[in-house]
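**Student:** Just so you know, the sequences run in chain order X and P.
With the numbering used here, the residue at position 130 of the first sequence is 130, and numbering never jumps.
If you want the numbering used here, it's the position in the second sequence, counting the first as 1, plus 1000.
In short, the hints are calculated from the structure, not lab data.
Take the hints with a grain of salt, since some may be wrong.
As the list claims (entries may be wrong) - Computed beta-carbon distance windows for the label pairs: (1) X:194 - P:1296: 28 to 38 Å; (2) P:1261 - X:159: 28 to 38 Å; (3) P:1053 - X:60: 27 to 37 Å.
To be verified - Simulated pairs of lysine-lysine, BS3-like, Cα-Cα distance not exceeding 25 Å: (4) X:243 - P:1116; (5) X:86 - X:46; (6) X:171 - P:1029; (7) X:46 - X:143; (8) X:245 - P:1122; (9) P:1029 - X:172; (10) X:166 - P:1122; (11) P:1029 - X:243; (12) X:200 - X:172; (13) X:143 - X:209.
Note that the structure is predicted; figures quoted are calculated from it, not measured.
Where is the CB? At the ideal position from N, CA and C, for every residue including glycine.
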Amino acid sequence: MKVKTLAAAILGLTLSMVITSTHASHADGTNTSELVHNADLIFEGKVVNVEYRTSDILKTDDVSMPHTYVTYEITRNFKGRSSEDKLITLRFRGGPDDVGNTLIIPGVPLFQAGDQDIVFVRGNGVEISPVVGGNFGRFRISKDAVHSDAWQEIWLLSNGQLDQGKFNEEKKSVTHRIGVHEFTFETENKAEWTPPADAKKLTPVQFRKFLGDSVNQHYTPQALSTLKAARSVPIHEQFSIGKAKPLAAPAVTPVIHKLDPEAIRPEEMAIRKH
Amino acid sequence: MNASRLNQLLAALFLASMTQQAFAYTTIKCGGSSTKWSGNNYTVRASSVGFPVGPWRDALSSVISHWNGNPSNLSFGVVWNEPAVAANNNENEAWWEANNGPNIGTYPAVTYVWFKGDCTLKEADVIFNNSVAFHYTTSKTSLWPYGGANRPFQTTAMHEFGHAAGLAHTANTYNIMGFDWTHIHANGATATAYSGEDANNGLVAVYGLWTGGPEDLGVVHWKHTGSSGEYSTHGRTRILDISNIELTKVAGTSEPVYRVNKGQTIKLELTYENLGKTSPLAAKVGYYLSSNDIISVADRFLGEGNVTLYRGFPDTTFNTFLVIPSDLVSGQTYWVGAIIDYNNAYSERSETNNATYIGIRVN
């Protein structure tokens, strides 16, 4: 193993441990190195199809769970490749079910046909969201600008890390069609954001170069060529979700437990309102 | 003029104009209206195995209680000892799964929000990952934001129940719907999760104002610092000199401790929140010097300020000038802090969130 690859592997292991301990739905912050290392595949492409279907009932205790299948036409690979070469279908938990309901999981990104993105993929077909960090690993590409999944500008800091800048003012209200319904996420942005010294707002060209350089810093061409192809998950492929298996809370070191003085007994809650 | 009198004048002079009506919460609309619970109530059934009688149940109970005190018409409730939980069973439930469990995946916590065909909320299930180093304790030294090893369960639960109420993530102000573990109140050794002004205001926007609701004011030593994706990030508030330069911090302390000189005029940065029903609400703030990290009216009074707080946008300000008394002991650590509504003008839902501190070391 080359030293460079070994170093990358050690770093990747270390970062994986960090990710495991802090990651959230709530996905927590993910820096550039973490994004690159944790991705099975990094590609640029355009959403050409969005479809929905519920999981299969293969065993008696399986549950029917809605999923969204997002198919990208890939125009460039930065790391890894798709098992379908120029296409990849990503499977996300959430979407319309078979009886008119819709499941939305905060932190799982939403897609529309025509979206042009750079996507960091991990665990497609396994993870609830196969985008690294829930939605951190999705970057929206337009003619002149790069935005986060949440429509923030992407800036490159002097320390080599990416940061999110101002929100796109035109995206204070973002509508997603999910099945037959349109869901609009509305926020009012009154916060001001001042770019740190020496930071620069990235254009798509600069972002692609930065990303290519980041991958090349950590992987030799040989290491890249031996990466296993990221699996595209076809919509007709059978899969099932087992029923919930509720467990106990984590085992923790006991502390002297003081009741929260504000805690209200459950029987009191019913009379606090109404 | 003595330092106390000077402090009173300075604080009063610079704190009078905190008036903002902005907001930043994110709501979800469907069919032209905000998605909401049709009965103005969200009651969750807690798994019997995950939340038996004991500290985890108490922790979840405190979260539900906090949310239930929000100033909107949405009430929260909990039913214990749910024997069988499941997603999409028309019951709101909370439970724990192992990492890579069928519903949690690798997330530390997740909320499944189900909408009916008419766009009203049908079901919201909250699932926690029991492989994450959560802890129910409110002992701050055990918790991430204060240098401890554990993620505060109550802040994460507070965030997830915000989703269950109908709120989405928010990135552009100090709020619980961003990074939850740094949205927390501490005065002394106890750190307490709370829903926060912005999320409370979001629920008022969706469910309407609870006219019989309580007043609640708070002050914390955390503030909005930026965003990470669709989540706000938060950091500790600061002490500055009169040129707005952050003072030097003592190295190696678990919490910020600023080096100050005797007689020095400093600017104390804190975040003030109006969490209750009346907006705007004018209140007096007392500033104190303490020999420990519990700020109380028994401490040395430094001065008074006035704030007018709208329930909309947490007000972080450093326009509070304080003079460090000249008779302090060099090399000793003290704490300066604020008590909002220190004169008890209002009957509040909680008086435990009215004070907070920042450490100083006297040169």
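**Student:** Work down the list of hints and note, for each, if the structure agrees.
**Tutor:** For each hint, the structure was consulted:
1. X:194 - P:1296: 28 to 38 Å: holds (37 Å)
2. P:1261 - X:159: 28 to 38 Å: holds (33 Å)
3. P:1053 - X:60: 27 to 37 Å: holds (32 Å)
4. X:243 - P:1116: holds (21 Å)
5. X:86 - X:46: Measuring from Cα to Cα gives roughly 11 Å; hence the hint holds.
6. X:171 - P:1029: holds (15 Å)
7. X:46 - X:143: holds (13 Å)
8. X:245 - P:1122: At roughly 22 Å apart (the allowed maximum being 25 Å), residue 1122 (chain P) and residue 245 (chain X) satisfy the hint.
9. P:1029 - X:172: holds (13 Å)
10. X:166 - P:1122: violated (34 Å)
11. P:1029 - X:243: violated (30 Å)
12. X:200 - X:172: Judged against 25 Å, a Cα distance of about 23 Å means the pair holds.
13. X:143 - X:209: Holds, at roughly 15 Å.
The structure fails hints 10, 11 (numbered hints given earlier, in ascending order).
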